[in-house]
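Sequence lines, in order, name chains A and B.
Counting from 1, one number per residue, gives the positions in the first sequence under the numbering used here.
Counting from 1001, one number per residue, gives the positions in the second sequence under the numbering used here.
All clues given are correct.
Here are some chain A residues pointing at chain B (derived, C-beta under 8 Å):
1) 19
2) 136
3) 147
4) 155
5) 178
6) 181
7) 213
8) 216
9) 221
10) 225
11) 268
Quick caveat, the hints were computed from the structure, so don't treat them as lab data.
Note that CB positions come from ideal geometry on N, CA and C, so glycine has one too.
Number of protein chains: 2
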Amino acid sequence: MTDWFDALSLRGPADLGFINGGLDRTALRRDDLAWQHIAYNAPGTQILVLCQDTPILKWDGSKLSSTFKLSEAQALGAATDIVFLGMENGRSCFAHQLAADLFPSLKARPDLKLIDMRSIAMQALFDQSRTSALGTAKSLLSWHARHRFCSACGQASAATSAGWKRRCTVCGVEHFPRTDPVVIMLAVRGDVCLMGRAPQFPEGRYSCLAGFLEPGETIEEAVRREIHEEAGIKVGRVRYMQAQPWPFPSSLMIGCIAEALTSDITVDPAELADARWFTRAEVAAILENTHAGGVNSPPRMAIANHIMDLFVRA
Amino acid sequence: MTDWFDALSLRGPADLGFINGGLDRTALRRDDLAWQHIAYNAPGTQILVLCQDTPILKWDGSKLSSTFKLSEAQALGAATDIVFLGMENGRSCFAHQLAADLFPSLKARPDLKLIDMRSIAMQALFDQSRTSALGTAKSLLSWHARHRFCSACGQASAATSAGWKRRCTVCGVEHFPRTDPVVIMLAVRGDVCLMGRAPQFPEGRYSCLAGFLEPGETIEEAVRREIHEEAGIKVGRVRYMQAQPWPFPSSLMIGCIAEALTSDITVDPAELADARWFTRAEVAAILENTHAGGVNSPPRMAIANHIMDLFVRA
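Chain A on its own, in the form it takes in the complex:
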């Protein structure tokens, strides 16, 4: 009998960002208004607070905290959106969005720190579960901020289901939070792999190629199309490795290894500043930050780093 699960662990890598969420989303309670009211007002309830897509953190001079009591959160400002994230050890967790114009005054306060989501994950300021909750809050709140109106009729929509749905106030159409699947992959050919650099990358940075999966594509088809579009390489088989939620604003990174069938690179200049083949030894040096040519990799919190690492260790 097949062991479906050989070599796959329950948890992904311990230093990959935004995975291993610990909240029980308790989705069955989202439409239970009475339950929501009690949970929101319970003394142990924890509130994550964001403003302009940035988590507001409590700072006592030595320690950062990502959660506020309800009264503390309300004192920071009125929530323009509230989302129920779930429960952990009997305590509910909600997220508040604050009006964008509060940002400067909050930023000036000595008892708060406003640290962008990418830095929080990169510096691993919190454990994986809390970083996952912050990322989820960011994705949901940014969806609300960009979906105040019904795309079907143009009239105002309103949040419902504890923040997991919006309904048009006029035509009644329901809208659900959006998650955009993205394929991110290393094309490999024997001892070399294909990496590229986007024009906006930091100096020396090379990474896996990536792109949005389009309607009508399988994961494997999207991998093949993206690699061919961006670098002119033909791809055969594709293997899924690991996924990562990526709250910028709300993607699902689907990490894959792809089998390159050709070698001649033709870069699409609209997408990439460069693409080239790297040997396994070079990728190892890049990950250790000792590459002779000064090439560097995305941080450990990003799935690209882990796909590169898998290639090195294969």
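Using the hints, position chain B against chain A.
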């Protein structure tokens, strides 16, 4: 060295619907208006035509055809949306959406057949590549129909990039076609697997559990949450098997096998009419339509059938 690709083939199953698309999407030409104009008007260009989410097919009394010449497509009615799907053997392929009120008169014509997308896939009326193109057209055109307005400001948006983008005519925000990842999975425990039936299923139908992946989740986390929510079963490891685009209206089905850690089922009555364990022998009988209890499976064109089949053959 790891063989990343052991046991994985380039193409998925030959009877799975909506996979193995054969069009080169030629995405680099989407913003090239001059190129688009020439391609659209070229004599060999093929047009898929949809009305009310339903493909319009040509019928000569013995043979169905899914494509029209431009002049033929225009004679059916003015296109409310036009999308460039890609190229195949040097010929371009576009899709037209017709106004919904044309449906009855088109339906009445003896030289046309209007067959819904699900039936087209189920009966395999066309090869996989053409079914994939029709599904892609359906997903894109239905996205346009439901996104005439900017979700950020409520004003009208307009299609651009050959139908792969909409831009707000007032605030300028760009909107991209949406693809909703869905996890669909069989929880297995030794010789048995967990299947459920939704209230709207045909009589006797049991299938894999499934649900939308939510913002902030990995594929594996979504699988665990859905199985626990719908059936109360705890899940350990998860293995990705195969994906399938599902144009109803625009999902990506991510097929997985999950390791069940518990046995006692608690059905969520809001989601399922029933859920129970089936032995490998039972699932084999279900797939052969010889199950003693009259249980039947989704058709071969659906990924659930293939996941069940993998379990039987494991």
